[in-house]
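Can you make the complete structure from the sequences, with help from the hints?
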Amino acid sequence: MNFFRRALIPFAAVTLLVGVAVAQTPPRPSPVPRPVVPEAPVPPPPDVDGKSWVLMDYATGQILASKEPDMRLEPASITKIMTDYVVSAEVANGKVHMTDPVTISENAWRGGGAGTDGSTSFLKLNSQVPLKDLLYGMIIQSGNDAAIALAEHTAGSESSFAALMNAYAKQLGMVNSNFENASGYPITNHYTTAHDIAILSRALIHDFPEDYAISAVKEFEWNGIKQHNRNTLLWRDPSVDGIKTGHTAAAGYCLAASAKQGESRMIAIVMGASSEKARADSAMALLNYGFRFYETHKLYDAGKPLATPKLWKGASNQLPLGVNESVQVTVKRGQYDQLKATMDVPATLVAPFTKGQQVGTLRITLDGKPVQSVPLVALADAPQGGFFSRLWDSIMLWFHSDKKADATAPAKSADAK
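Position 261 of the sequence shown, counting from 1, maps to 1139 under the working numbering, and the rest follow consecutively.
One or more hints might be untrue.
Simulated pairs of lysine-lysine, DSBU-like, Cα-Cα distance not exceeding 30 Å [said to hold, decoys possible]: (1) K1138 / K1176; (2) K1176 / K1155; (3) K1048 / K1104; (4) K945 / K929; (5) K1138 / K1233; (6) K1002 / K1096; (7) K1218 / K1010; (8) K973 / K1002; (9) K1218 / K1233.
Hints were generated in silico from the structure; no laboratory data involved.
Structure follows, in structure tokens:
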């Protein structure tokens, strides 16, 4: 390749290779001696009940296992995760507030109240309820009336709120979703996928952890009526702390579940299961599979140089390159040493560059298959040098060829073992 050079990056050290000369890298740290044991095989994922399901690692967003992840399905009350996200985002933006008194309209009362056959928080017509209590009612009790009231207060009407839901979904990269209401009540053209709900769940946990914590509350009382959280996994396993159930005749039984064990968190989405027990068993099986057979490694720290290649016509003669965010990957246990990394960087770098500007790409692969691609950026401003230094480099560039190795810079991996 004339314009790009691909450099092998051992995970104990990162080296940018410019030209054909191969630089020596520091030796890997000596591991603590351990008894030799046979490599443990990793079984295929469990055969769970559901039309569609996804197991996602929270730290990396990688899909570890799935079945029909992008099949468009009716989400039922799984919809309320999106409603929760939008309301939380609007609170964070200062457009509404947790202490706001929300009037329960006739639309919310008739469409999701005690007179319906759906989940309800038993909100009284024309009463005023603090926004925070409506969130509790929607998330814990799955109250349709609470969801509608939140939508009306946040956007003026439920239809306007649905447009807001779709705008946020687009921002999050939920490419196979369309929302028509805030509650998940069956309606034409209202759909999502297990993959999209996994993306949404990860965003909710990351962006609004305090609001996400509501989904771990086991019961909530309003209007003298105490209701239990419908996520039965909260009682079955203490590591489970969310997220939301859903059910209609058309959608079947759905469950978005998340659990944290140590520093690892997994997200399991099951849609279209045959029963309440089946959705819980399926989600639990997926979570256990993820914790038992996968592990997450931090490969490189944010802001630390991975290479310092030659910089032409600059005030400095080198350009430090690295990543803006720490690079983590999740792999099957025992596969860490099989990871490969390469950097694609132009063979000739000419100033100026600004801090954060993408210069190349860091690619992580396993068995030749892509795992992650991360922008490789300049870690500092690199302005042009003075007139004479630029003139000299212009002359030297005439003689510069692929046969010269201009610079190498090793850097230890954050998770070298």
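So, going through the hints one by one against the coordinates:
For the suggested pair K1138 and K1176, the alpha carbons sit about 18 Å apart, so the restraint of at most 30 Å is met. Pair hint K1176 plus K1155 does not hold up; C-alpha atoms about 36 Å apart against a cutoff of 30 Å. With a C-alpha separation of about 36 Å, the suggested pairing of K1048 with K1104 is violated against the 30 Å cut-off. With a CA separation close to 8 Å, the supplied pair K945 and K929 stays within the 30 Å bound.
Straight-line distance between C-alpha atoms of K1138 and K1233 comes to about 36 Å, which puts the hinted pair past the 30 Å bound. Restraint check: the Cα-Cα separation between K1002 and K1096 comes to about 23 Å, which is no more than 30 Å; the hinted pair holds. Between the alpha carbons of K1218 and K1010 the distance comes to roughly 47 Å, so the proposed pair goes past 30 Å and is violated. Among the hinted pairs, K973 with K1002 is consistent with the structure: their alpha-carbon atoms are about 25 Å apart, no more than 30 Å.
Straight-line distance between C-alpha atoms of K1218 and K1233 comes to about 27 Å, which keeps the hinted pair within the 30 Å bound.
Hint compliance for this structure: hints 2, 3, 5, 7 are not met, and every other hint is.
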